[in-house]
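There are 2 protein chains.
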Amino acid sequence: MAQGQGDYRILHEAALRDYLAGIADLAATLGGEPASWSITEVGDGNLNLVFIVEGARGGVAVKQALPYVRLVGESWPLPLSRAHYEFLALSRQAQLAPGLVPALLHHNEALALTVMELLEPHIIMRKGMVAGTRYPRFVDDITTFMARTLFFTSDLALSAAEKKQGIAAFAGNHALCKITEDLIFTDPYRIAEQNRWTAPYLDALAASLRDDMELHVAISRLKLKFMASPEALIHGDLHTGSIMVTDSQTRVIDPEFAFYGPIGFDVGAVLANLLMAYFASAGHERSPGERRAFEAWVLETIEKLWNEFARKFLDLWRTGAAGDAYPPSLFAGEKGAARLEAERQAYMQRLFADAVGFAAAKTIRRIFGLAHNIDFELIEDPRRRAVSEARAVRLARTMMLEPEAFPTIADVTAAARKLRDWQPEFATG
Amino acid sequence: MAQGQGDYRILHEAALRDYLAGIADLAATLGGEPASWSITEVGDGNLNLVFIVEGARGGVAVKQALPYVRLVGESWPLPLSRAHYEFLALSRQAQLAPGLVPALLHHNEALALTVMELLEPHIIMRKGMVAGTRYPRFVDDITTFMARTLFFTSDLALSAAEKKQGIAAFAGNHALCKITEDLIFTDPYRIAEQNRWTAPYLDALAASLRDDMELHVAISRLKLKFMASPEALIHGDLHTGSIMVTDSQTRVIDPEFAFYGPIGFDVGAVLANLLMAYFASAGHERSPGERRAFEAWVLETIEKLWNEFARKFLDLWRTGAAGDAYPPSLFAGEKGAARLEAERQAYMQRLFADAVGFAAAKTIRRIFGLAHNIDFELIEDPRRRAVSEARAVRLARTMMLEPEAFPTIADVTAAARKLRDWQPEFATG
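Respectively, the protein sequence lines represent chains A and B.
For reference, each letter of the first sequence is one residue, going 411 to 839 in the working numbering.
For reference, each letter of the second sequence is one residue, going 411 to 839 in the working numbering.
For reference, chain A alone in the conformation it holds in the complex (with noise of 0.2 Å):
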């Protein structure tokens, strides 16, 4: 939003320090004398600066949108704008979804700055998995924020009023929609300047995605849905690393991305950072075969993800239906409810097939788009590398190219359990 942007600086650790002892509340949660506090900058994402401040009695974290794209620089300009729409976002999650978001302290429009509540001992869940850690507590919390979140925010709770309101509200995060529109929809299946993979190996599959129409015909389709299907508020950037878990506990964070989008590309979102997660296991292993029983974690979490997440989705429905789609009205009776809760499960189906496409993308753009993840690029040895994400890529194709191939999620952790030890060929290898 426009007010106050002309204040906006960018705070680092002296003026941070003055500011946030200029806000008692927040004073007193450190505790001390603000020249004792610790304050270290901690962003690892893409986008923002991000703060550790610490002080006598307790921490936050403070959040910064800067005016650019970090990981490029001020030559990709961004909307500090998306620091108003995050925290809207997050303001909803945490009425939907209690617990399963950080704690709002402070949040200054002007400075695109959000104080939130320091997550800690949690560490980002995509680390977590590199090193091979299970999280028990996981699916269900996440099944519990995706089912709450998505389904509160859709035709299925909300009048249409009601829904267009909240539509419009985020319609002005066009620039953050942008960059996952170019960055997953796009740039991977052309050429890019911006886009990378583990060359020499992957140079023949990346030539292949970029001459291959009916994947291009399938990515657009997908791209297409992501613009102009608002089915929900969407959280938009839900990887493993917008996670932060413990053993007990689990965190969503950063829903800059935050519209009224597809539900599908949540869930696919969790769905491909856990398959891509899998794929890289092999890679990092030290001695073989050493870390199958994470992997086995994985796909049994995989499986959970998408059975918990529509059994909890389905039990709102039946339960809390309030919204304009579906009216019960027109499902009176004992024949109207049985027919509604088979139309429950064929939205459910054809939910699921959009989760799978969506995963497909987002672990193609993961392998040759701009931004990769750690899952692949902590594999020091670049033909291991190559391998895993090889892997990982023919799924995503398959997936893509023929959703309905994958009727139950059962279908997709076959799939991968499969090509868990296929070797392919490098032309270059």
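Everything labelled a hint here was simulated from the structure, so no lab data went into it.
Bear in mind that the values here come from a model prediction, so they are computed numbers and not experimental data.
Errors might be hidden in some of the hints.
A pair holds if it fits inside one copy or across any two, identical chains being indistinguishable in the list.
Claimed, not checked - Okay, derived cross-link-like pairs now, DMTMM-like style, lysine to aspartate or glutamate, Cα gap no bigger than 20 Å in a straight line:
no., residue 1, residue 2
1, Lys-588, Glu-812
2, Lys-588, Glu-423
3, Lys-714, Asp-821
4, Lys-588, Glu-572
Chain A is already provided as a structure; the job is to place chain B on it using the hints.
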């Protein structure tokens, strides 16, 4: 919008005369002394006041929104803001389809009042069709209107950012959308006080629609598509009562239901109203077969309507695709061009299936819902009227439940032709 709504007052004849006299441009257009202007209220629609004002030099049409639904009365309030959205849509349509909407002369947001070119000697197309009149310009004009207004506000022509701006600009028109959601997509399929139909002949058919759970699923899917598929800026009420014609001119009026919705809704509206005119025609015969030539023209018009619309829409796509969907860079070279062209055809096929479903919904609501149309209503003998209506409903039901049974528009006209002389049996007849 909210601005100046406190200044709203209903302008009846005397007040309207003073108001127009105070606006120099309009007074000059009308010419002569204000006291000599003839002012006639002609609104035969369901929602607004419409005046024709004629002076010594020329005439204008004045439309003012009432704060309630005219057809029902003050018990059904309706926001004045619809005049804002109508003005916004009309302005956009005038840019995109010049000469196919009335020229805008004046708009007063606070009064919810718009002054437009007086369309003369145009008549409401529906009235002409009841009389059996053929309109040689109609197909070419309406398909140009639809192709241009729908294509140029879609993701095929707009950037995602422009598209989201457009969606947001019309999001506030939800009260008008709600009328459609209730009256077209819900009420005809359940007991609702405002429903009516040609009793007693259609009593059993009305009951069967209320009991048909397959139909309830189909109409609910269409409703969800209407609510959550912002494909383009649609007119939203494109029936033959919103089209004014002469032998040589066509003007589309009354876009107060405009918002970003599914393209197939507009196309289906025109289709449905031509189909209803076709089935009503037999009811207007004074001697058997008297209107066969008119009926043949209607069926031919239905076929051309889709074929010409599709041709023009595709031509725009081939030459004017500046939007973010289906980026040209993904379809380079001969192979890319061929694959994209095949996808364009597939896109039109999906759009046609939507139009078939929406046409069915638009038909059923006119026979069992609140708002009927004179095609059927002017058939005085209720049994004869019921026969025409039952034929239309029989086709509509199949179109809604089995859109795949109508792969081409010729399948629709063939099915209509087959039903032309079908004699329904009425339990009470």
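So, going through the hints one by one against the coordinates:
no., hint, result
1, Lys-588 x Glu-812, "neither (26 Å within a copy, 37 Å between copies)"
2, Lys-588 x Glu-423, "neither (31 Å within a copy, 52 Å between copies)"
3, Lys-714 x Asp-821, "within (13 Å within a copy, 46 Å between copies)"
4, Lys-588 x Glu-572, "between (25 Å within a copy, 11 Å between copies)"
Against the hints set out earlier in the document, violations occur for numbers 1 and 2.
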